[in-house]
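Engineer: Heads up: the sequence shown is residues 582 to 749, going by the working numbering.
Hints in this document: simulated from the structure, not taken from any laboratory. Heads up, some of the hints might be wrong.
What the hints assert, rightly or not - Beta-carbon label-pair distances, calculated as ranges: (1) K635 / T705: 20 to 30 Å; (2) W594 / Q693: 15 to 25 Å; (3) D637 / L588: 26 to 36 Å; (4) N633 / V604: 18 to 28 Å; (5) E679 / D618: 43 to 53 Å.
To be verified - The list that follows gives simulated cross-link-like pairs (lysine-lysine, DSBU-like), each with its CA atoms no further than 35 Å apart: (6) K732 / K654; (7) K689 / K649; (8) K652 / K744.
The structure presented is a predicted model; accordingly, all values stated were derived computationally and were not measured. Using N, Cα and C, we set each Cβ at its ideal position, and we do this for glycine too.
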Amino acid sequence: MKEGFDLDVGNEWQTLLDAHNSVKNTESTFKNEANTDLELAKLQAECKSALNKKDDANYKKARKWCVKIEKIKDIPNNGKYDLLDATETNSTEDKEWETLATSLKENKTDFQSVATNLSDDLATNIKALKAGCRGLQVNTVTTITIGFDEKFDNAKTWCSVAKTPNKK
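Hey, can you work out the whole structure from these sequences and the hints?
Structural biologist: What follows is the structure in structure tokens.
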């Protein structure tokens with residue numbers, strides 16, 4: 582998949598199914614009749630269908646229920662992004678954080694938990710952005726965690742940068 586998700590589910594299908602059925606019939610799940618649990622074969626068929634479609638709604642379902650269960654921190658690194666180090670003391674990625682903080686200040690409708698607290702001081706904004714990135718819990722939130730989509734999208738957009746050709 583385009584963002585670095587691993588399609589090799591292996592022996593995790595039952596875990597995916599159980600997690601899916603625990604939040605059944607929401608916007609992020611595959612629908613089933615009369616609020617009943619999806620069966621494994623039906624989930625696998627829905628995944629196959631969703632992976633062949635190009636619309637955003639099916640893609641978001643597929644990246645949650647049809648891929649290997651991974652932590653957010655591992656997914657961008659599999660794809661075209663490098664997750665930045667959000668610790669306060671890191672200074673090796675200052676330029677990247679400056680670019681992201683400046684962009685977020687201009688796009689205050691994005692990553693609102695951070696954007697609403699931005700000021701005119703770049704250093705303060707970088708600190709707020711890093712804190713927001715740490716708050717996404719990229720080391721613990723997985724593809725099947727409730728709230729994954731928003732946290733993943735924010736991590737990809739505001740806490741990572743496009744990979745450079747010489748990095749893997």
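Engineer: Note whether the CB distance of K635 and T705 lies within 20 to 30 Å or breaks it.
Structural biologist: Taking Cβ atoms as reference, K635 and T705 lie about 41 Å apart, which means the hint is violated.
Engineer: Is K732 close enough to K654, meaning Cα to Cα at most 35 Å?
Structural biologist: holds, 11 Å
Engineer: Given the hint of 26 to 36 Å, check if D637 and L588 actually sit that far apart at their C-beta atoms.
Structural biologist: At 18 Å between Cβs, range violated.
Engineer: When you take the CB atoms of W594 and Q693, is the distance between them in 15 to 25 Å?
Structural biologist: violated, 35 Å
Engineer: Check whether the Cα positions of K689 and K649 lie no farther apart than 35 Å.
Structural biologist: Measuring from Cα to Cα gives roughly 33 Å; hence the hint holds.
Engineer: Tell me if the straight-line CA distance from K652 to K744 falls inside 35 Å.
Structural biologist: It holds: about 19 Å lies between the C-alpha atoms, which stays within 35 Å.
Engineer: Given a hinted range of 43 to 53 Å, is it respected by the beta-carbon distance of E679 and D618?
Structural biologist: With a Cβ separation near 49 Å, E679 and D618 satisfy 43 to 53 Å, so the hint holds.
Engineer: Is 18 to 28 Å right for how far apart the beta carbons of N633 and V604 are?
Structural biologist: holds, 24 Å
Checked against the numbered hints given earlier, this structure breaks hints 1, 2, 3; the rest are met.
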